[in-house]
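For the protein sequence lines, the chains are A and B, in the order given.
Mapping of the first sequence onto the working numbering: residues 318 to 717, in sequence order.
Mapping of the second sequence onto the working numbering: residues 4 to 287, in sequence order.
Incorrect hints may have been included.
To be verified - A few chain A residues that face chain B, going by a derived Cβ cut-off under 10 Å, partial list only:
no., residue
1, Ala386
2, Gly399
3, Pro407
4, Phe413
5, Gly414
6, Gln418
7, Leu422
8, Phe423
9, Leu436
10, Thr438
11, Ala479
12, Ala499
13, Leu500
14, Tyr558
15, Phe641
16, Pro662
Unchecked claim - Partner residues aside, some chain A positions facing chain B, computed with beta carbon under 10 Å:
no., residue
17, Pro424
18, Ser434
19, Gly435
20, Arg513
21, Leu515
22, Phe534
23, Arg597
24, Leu601
25, Leu644
Source of the hints: derived by calculation from the structure; they are not laboratory data.
These figures come from a predicted structure and were not determined experimentally.
Positions of the beta carbon are idealized from the N, C-alpha and C atoms, including for glycine.
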Amino acid sequence: MRLPQNSPSSAESATTTTRSAPVTVEGLTVRYGDTHAIRNVDLKVKPGEFVSLLGPSGSGKTTLLRSVAGFVIPDSGRILMGDDDVTRLPPRYRNFGMVFQRYALFPHMRVADNVASGLKTRRVPKAQAKDLGAEALALVGLTAEARRYPEQLSGGQQQRVALARAMVIKPSLLLMDEPLGALDLRLRQQLQADIRALQQRLSITAIYVTHDQEEAFSMSDRVVVMNAGRISCQGTPEELYSSPGSSFAASFVGHNTVFSLGRADVPADGTIAGLPGQERPFRLTEPVAADTSSVHFVVGIDHIRCYDHPAPHAEEATVLGRRFTGLNELVTVQVRDTIMTVLAPASGPEAGDRVYISWDPGDLHVIEETADGSVVRAGRAVDSSVASPGNSSPRAVVGQ
Amino acid sequence: MQGRSRKWAFGVVPLGVFFLVFFLFPEVYFLRAGLYKTDTFGQISSSMTTETVANAFDGFYPHALYRTIELCLLTSVFTLLLGYPMAYAIVRSRRWGGAVFIAVVAAMFSSAVARVLGWQVLLAINGPINAVLHKVGIGPLHLSNNFTAVVIGSVHAILPIAVLGLMPVCEMVHRAQTEAATSLGASPWRAFWRIFFPQTWTGVVSVGLLVFAVTAGAFTTPALLGGGRVAVLSVLIYTLASQSLDYSTAAVLSFVLLVIVGLAVAAGLAVGRRGTRTTITAST
C-alpha cells in the first residue's frame, strides 16, 4: 500500500499544525443516469480555509463533497489536492479525514480502537499509535470514554469520537457531511464552536456540507451556495447576508424579499415603479445585459419597514402569520399577490390584521440572471433619485 | 388496562389450539410408538419396551445420524460460502444487486421436482457437466445418485432462503462505515474483513444453523437425488414408516431428528439474540 506523504509516523503530535492542502475543483460534472448531480462546478479552497457547501437537498453539495473524497468518480472535470490530480485516485490514498452524518463509528470496536484504526492501517507502531490516539481523544475531551463502545455514548460524544478518528491521521483535508444533522440544537451549537475551534487551531483545510444556513454562517470563512447541481454564488457570510450574489441565494439565505421581473417587463428606460411596498421609482443605471433573461430586486428584511398604521408611501398588506425566532418576531404578509417576510411592528399584529409596508429603492440589490439561472451581474446599480413616478408599472411581479 | 392486557389472547389462543391439535397431539401420538415395538408389519405391541430404542442405536442407524449431520454441515458451509457474497452484492452493488436478487428469488419459486430433475440431468455420467470436465481432461466423475448430488441439491434448495436471511445482516452495516474505513486508509479488502465482516458474523452463524435445521428435516432432495443410496434420517424414517411399516423405529429416529433440528434452531436463536443483545445493552 502506498502511504500518503503526510503520514503521522513522524514524531509530530496530534496538536501540532498539519500540512493542509489547497483543494481545486475544475469543471466537475457528475451524472447519475440521465440526471446531473452536479454540472461544471469550479471551486477553490485555500489551505486552512473553512468552506461550507450550503444548499437544499438535491442541490449537489453532498455529491461534490463525495467527489472530493473519492467515493464518487466524476464524469468529467478534475480535482486537485495541492498540485496532485486526485480525480481518479482511490479514497484511501487521498489523506483526508471524513466525518459522516450518522457518525459511522465502528460499533464492534471500543472508542480508543475506533480512533486508532486509521493509525493501525498506516502501520504506526503500537505504542505511538496509543499516544496519538489518546492525544486525539483528549483534544475532543473524551479521554474518560476511551474504553467504552460507541453505543454507550451520546450522539454528541459519538460525533466527537468521529472527529478525533478523522483528525488523528493528520489529514491534509477535513471533509464533513452534515455531521451535526442528528443532534439537538444546543448540542449542535456547542459542536459547531468546537469543530471550528479545532479546525482553526490545526489550521486544516475543511469542507463542510450543510443545509442549515445558520450553521454555515457561524462556522465558515466562506459559504458556497449550491442549487440544482451548480454553485449559485459564494462569499463570506457577511457578503452573502448583505449582498447575495444570486436570486437563489437571496431567497435561500436570510429573509430577503426578492422581486423578479422578466426581461420583457423591464421598461426600455430602466425605470421601475410600483413594486409592492416600493416608496418611489428608481432607474437601472445601466441597460440590462444582452443575455439577461430575468432581473431580480432584493430587499433585505432589515430594510423593509412595517407599520401598524398607515404611513407615507407605505402600502397596505394583510398579515398571514407570525413567527417568533427568539431574537425577533417575524410576520408573513401579503401585498397584492406578493408574499413577504418582514419584522413585526411593536404592536405584534395577528393573522388577518392590516399592516403597512414600505422600502426605499436605495437599499435595493439588483441581480441579473440568464434563463438557466447563471448570474450575469450582481450589485447595486440603481439610481433612486428619479423624480417622476412615471407610469411604467411592471406586470408579473413574483415575490419570495 | 384490563381490556388492553388481555388483547394478546385473541391471537395466542387460536394459535395455541391449532398448534395443539395439528402438531403437538399427532407428534406425541406418533413418537409414543417408539416406546413400543413393531411385532409384525404395521402392528404395534401392546406392552411398552425399550427394545426399539436400544435397537435403533445399534448397527446401521448411528451411521445414518452421522450421515445426516455431515450433510447438514456441508450444506451449511457451502450455502454460506455462496450465499454471503450474493447477499453482499444485493445490498452493496448498484450494478449487480438487482440482477442477483431476481435470480435468487426466481430460484425460490421453482418447483422442487423440476430442480431435482434438472440436477439429475446436469450431473448424469453422460451429462453436460461431465462433458465439460471431459474436455479439460477430468473425469468422468460420479456426481449423480450419491451423497455429492444430495449436497449440491440441498445447497441449491436452501440458498434463496439463506440469501434472504443474510440480506438484513449485510444491510445492518451502513455504507458510511466502510467509507470511513477507506477514508482512514484501509483497502476495500481490509475494510471488508476489519469492519464489515465482524459485524455480520453472528448473523452468519445463525443463518448457518437455520440452514442446518432445514436441511436435516428435508426429505425430497436426499430421497430423489440420492438415488436411494443416501440414507439420511429423513429418508430412513420415510422408508421405515411407509415401506417396512416399522412405526416404532420410525418414531425413535423421528425423535432423534427432532432433537437435532431443535438444538440447531435453539442455537441459532441464541446466537441471533446474543448478537442483538450486545447492541441493545450497549445502547442503554
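Hints and how they fare:
1. Ala386: holds, 6 Å
2. Gly399: With Cβ-Cβ at 18 Å, over 10 Å, it is violated.
3. Pro407: holds, 7 Å
4. Phe413: With a minimum Cβ separation of about 6 Å from chain B (threshold 10 Å), the hint on Phe413(A) holds.
5. Gly414: holds, 7 Å
6. Gln418: holds, 7 Å
7. Leu422: Hint holds; Leu422(A) Cβ to chain B Cβ min 8 Å, cut 10 Å.
8. Phe423: Constraint on Phe423(A) satisfied, holds at 6 Å.
9. Leu436: For Leu436(A), the interface hint holds, since the closest Cβ of chain B sits about 9 Å away, which is under 10 Å.
10. Thr438: holds, 4 Å
11. Ala479: holds, 8 Å
12. Ala499: Violated, about 12 Å.
13. Leu500: Since the shortest Cβ distance to chain B is 16 Å, the answer is violated.
14. Tyr558: violated, 33 Å
15. Phe641: violated, 36 Å
16. Pro662: Hint violated; Pro662(A) Cβ to chain B Cβ min 48 Å, cut 10 Å.
17. Pro424: Hint holds; Pro424(A) Cβ to chain B Cβ min 7 Å, cut 10 Å.
18. Ser434: holds, 6 Å
19. Gly435: Result: holds, 3 Å to nearest chain B Cβ.
20. Arg513: Since chain B brings no Cβ nearer than about 21 Å to Arg513(A), farther than 10 Å, the hint is violated.
21. Leu515: Hint violated; Leu515(A) Cβ to chain B Cβ min 17 Å, cut 10 Å.
22. Phe534: Violated - the Cβ of Phe534(A) stays beyond 10 Å from chain B, reaching only about 26 Å at its closest.
23. Arg597: Check failed: Cβ of Arg597(A) comes no nearer than 55 Å to chain B, outside 10 Å.
24. Leu601: For Leu601(A), the interface hint is violated, since the closest Cβ of chain B sits about 49 Å away, which is over 10 Å.
25. Leu644: violated, 35 Å
In this structure, the hints that do not hold are numbers 2, 12, 13, 14, 15, 16, 20, 21, 22, 23, 24 and 25, in rising order.
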